[in-house]
Each structure stands twice: as structure tokens, then as C-alpha cells.
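The listed protein sequences correspond, in order, to chains Y and U. The first sequence begins at 419 in the working numbering and counts up one residue at a time. The second sequence begins at 3 in the working numbering and counts up one residue at a time.
Worth flagging that the hints you see were computed from the coordinates, not collected in a lab. Everything hinted at is true.
Not the full set, but computed from the structure, chain U residues with beta-carbon under 7 Å of chain Y:
#	residue
1	P27
2	G45
3	V100
4	V121
5	L269
A few chain U residues that face chain Y, going by a derived Cβ cut-off under 10 Å, partial list only:
#	residue
6	G94
7	E119
8	L143
9	W180
10	G230
Positions of the beta carbon are idealized from the N, C-alpha and C atoms, including for glycine.
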Amino acid sequence: MTSALGSAPTGRDVRRARPTPTRAHRLRWARAAGTGWLYVLPALVMYAVFVLRPLALTIQYSLYDWNGIGVARWAGLDNYLTVFTDSDLLKIIGNAVILIVFFSFIPVALGLLVASMVRRITTGAFGTVVRTILFLPQVIPLVAAGIAWSWLLSSNGLLNQALRAVGLGGVARAWLGDFDTALPAVGVIGAWVLLGLCTILLVTGMSKIDPALYEAARLDGAGPVREFLAVTLPSLRQEIGVCLTVTIIAALASFDIVYISTSGGPGLQTTVPGLEIYRLAFSQRQVGLASALAVVLMVLVLACVLPIQRLTRGEKP
Amino acid sequence: MNLSRREQMTGRVFLIALILVTLLPFVSMLSAALQPRGTVPTGLAWPSDPQWGNFADAFTAANMGALLRSSLLIVAGVVPVSVLIATMAGFGLGQLRVPGGRLVFGLLLLGLTLPFEAVVTPLYYQMQDLGLLNTRWAIILPLIGLYMPFAVFWMRAHFTNVPVELSEAARVDGSSTWQLFWRVQVPLARPAIASLTILLFLWTWNQFLLAIVLVDDATKRTMAGALGAFQGQWGTDLVLLCAGSLLILTPTLIVFLIFQRQFIKALIQGSVKG
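Produce the entire structure from the sequences given, and follow the hints as far as they go.
Shown next as C-alpha cells:
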């Protein structure tokens, strides 16, 4: 997220090294700065009009009671109070947090496992095929992933067919429609989408580790577990940070998969903040509450992502 | 690399298992799509008489021609403009180092982790005020803005690594800033621009939330948004739904397979930087 931040040389150093600027020089510099702004301006305007302005409006709406049409009534922090006390809304935020386990922890853990065993995917044709296939879920729309998995997990789907084939027909069920299994089932879809990406990122990072480190660990008599903890994990710190950042955002801000596969049901079992914002704002016309939830979601994402950035971006040991 | 043979083997086995799991949903969808219309398919079963005609039915039912056109129009509206203005801004921030650039950059960083859900409600009212609801502009304009944090960040990272001496040399030769940008810097930035183009194409094509909120008419949406509508309409006809979904996937899949190498490079770099 901030790879270029610390290392970028600032323009100031370059300028300071110059001899004392003459008047003409200074004039030219000022003109150049003016032209420079012309380059930045279009991007900045689009960003300001279609991101910063709506963002400010979301914060403003969140302080009002508004049905989207009539007159808005000042509500102060009431909407936030509702977000933090309403048991349904708390459950919905909780669902997103539970999804982190499936969207983030499972792909990263499995990815690490594969990476530490494979160390590098062969460069030849096999490697290309592996990479291409593992990236497929990243390329297709999440909506398609949702449809494919809804079918696979349905009563007549592949999973139940397989269970019946091995004599476990008793556990077969509509996985996405069952109160107990719906949220984990949605989580599995997310894990499927993100697993390939994490694996490739981690294996790519793995291939950059100096093999001498492993030789040394082996000579010191380290077993596979020690080797993993002492060499692999610290060396992959940055890649793990990237995987966690991408997947946690995907979990907390999930919308497409849930909308398609369960629409949040059964009950509120799989409703996530993204879906609830959509529903509150556009079906129930509670724009204020929807906006407060949106602000909370935004802060939640930052609260999860910033510490990870801080922990994993530092110098490699 | 001192891996024991057994470890290597287990690694391979895991990798192959992973590949099978990745492919399974597609295969199961294909198996359902080839069943006779009107039957209720079960799990994974190769039909005795595969009904390839289902794809033709789905093509008509999904109005694929119109969908493709709509998605292409949206991509054409979003990607070139985004890439151009992001490249210019990256050049301004990374090479020209305009005064106050750090502030602008900080503002942009703010948007880097922003979930689209956080701005979609005000965007709806904004588009309503502009009279653009239910037009493709309602998707195009916000997407350009929403891509700016990542895109400018990406291009700036490239331009900060180009030595300033290059620009100075061009200046001594008497070229204007625009000539410097267009003739010297842009050609050098081609790999970064190519990766950015690929990522933005993919994200636009697959954009769902903005499409379903801001545009009601499925034939004016992105592919992903249209697929959502298709599911709403044909959700009970599993055979047709699977055939239609596969059909809607195909264009991206083809583009991905052709530019496979660049795609993977872009996705890896994209997630590392983004």
C-alpha cells in the first residue's frame, strides 16, 4: 500500500543542491510549478468530485435522519449510537469479522503451507499452467464465483453428491440455506477466490529467499518446523502483510459474493455491512443510518489495515 | 535448495489438489449447462447427450450482444481517461514534484482502502442531481474518480524512480514540459502503463456494486452487473443460468488467456503496491 512512501527521494534535496537561484531562475521555476499543477489537476478534480465530495456527504448524512426524499432532521450521533447498540447491526458487523477467518487466515495459512513445500513453481510449462489456473478466480467477476458456488453447494450440487457417494448422505444439506452453515459456506467461496492469489504471492516471495539461509538452518539441526519459524516466516513478512491487507479488505467490504449467493440470509446469518448499507439506503430509506454504518465500516477497515502495514512494512530483518 | 524428495512430492500433491479445487466450480457449472433444458441437474454428471445449444439459448436470453457492447462502451469511457490523467498526475507528483504535492498525495492515500460501499449512497444522489442515473455515465464518471488513488499511486511510484537528470537534460535541449512528458517520459513508462491498463480493464469489467445501484437497465451495465440481473431473471432455470454465466465469463477468460503473462505480472505487482 505504501511501498514507495519511505524510500522516495524528495525533490527538495535535489533543488537544494543547486547554486543560489537567480531571479530568472526563480521565475522559471515558478512557471514550471504552475505547469506541473496542470498535470495533477485533472486527476485531482475527478477524485475530489467523485470520491472526496461523496465521502464528506456520507459523513454529513450520517448525522441526520433522512429518508432520501423529504426534509432531513438533525440527529447528532444517534445513528452511530444505533450502530453500536442495535443487536442486528452488531451481528452484521460481527459477520464481517468472522469472514476474515475464511477470506484471510485460511488462504494465507494454506498459501504458506504450499509455499514452504514447493518453494518455487517450476519456470517451465507446468509453472505457467499452475499460475494461470490459480489466477482464474481473480479474473472472473465475483458474481460468477457466487453463482458457480451456489450451484456447487446447493441440495443437488456437487458437494452433496460427493458426500452421498462416500456414505455421508446424512450431513448433506443446502449449505448456503442452512442457519448453521451459511456463513462458513460464504466464507469458503471467499477463500476459494483468494487462495490462488495468496499462494502465488507467497511462492513468489519464497523464491527470493536466499537458499543459504536454509542450508544454515539445516546445519544447525533445525527441523522443518523450526526452519519455517526461523527462516520462512520472517523472510516473507512483507508478502504476508500484502496478502493480509488485500484479503481483510475483501472480507470486511464483501458485497458481490453475499448478494448473489445468499442475499444475506437465512435471517441475518450472512448479512455483511456492505449489503446492509445497500439495503438500508435503497430499500428501507434510512440514509442516515446507512451512512453511519458506512463510516464505521471505513474506520474498521483502516483500523485493521494500518497496523498490518506498520508491522510488515519495516526493514526486513 | 535442499528439499527432501518427500517434501517436494507433498508440495506437488498439495499444488495439484489446489488446482483441482480451483477448477471444480467451473467444471460443475459446465456439466449443469449441458443438461437438457427443463431437467434438474445433479452434481457432476457428464450428460449422455450434451446440449451445446443451451449456450445459444443463453446468448439470446442474456442479450449478450447488447451486454458486450455496453461493457465495451463503459471500459472505453473509463480506462483510457483514467490511465491518461493518472499518468499525468504521477508525472506531476513524481517527476515535476509540484509544491504541495505531498498534500495531494496524502489525500489520495486516504482513498486507497476506501470500500466503494462508503460512497455509493451519496453518488446515487449526485448522479440523480446530474440527471445521469440509468445512463452509462453514472458508472463511468465515479469509477474514474474511484480509481485515482490506486492509479496515481501506481504511476507516481514509477515516475519517482526515473532519474530527474533525464528531465533536466530534456529541458536543456529546450523541450517544453509537454514534449518532455509525451516524447520522453510516456514511452519510458510503457510497462507501468500497460499493467495499469490491464488492472483497470479487469476491475471495470467486473464492477458490480456501482452497476446495480446506479443503473437499472441491465443492457447499460457492466458484464458483472448484467450477470446479477441475469441471475435474478433466470435463477430458477439452473441449466440456462449456468450456461449464461459461463458465456458471460468467456470474454474475460479469452482476454486473460491471451495476455496471461502480463495479467499475472500486473496482478502480482498490483496487489503488492496496492
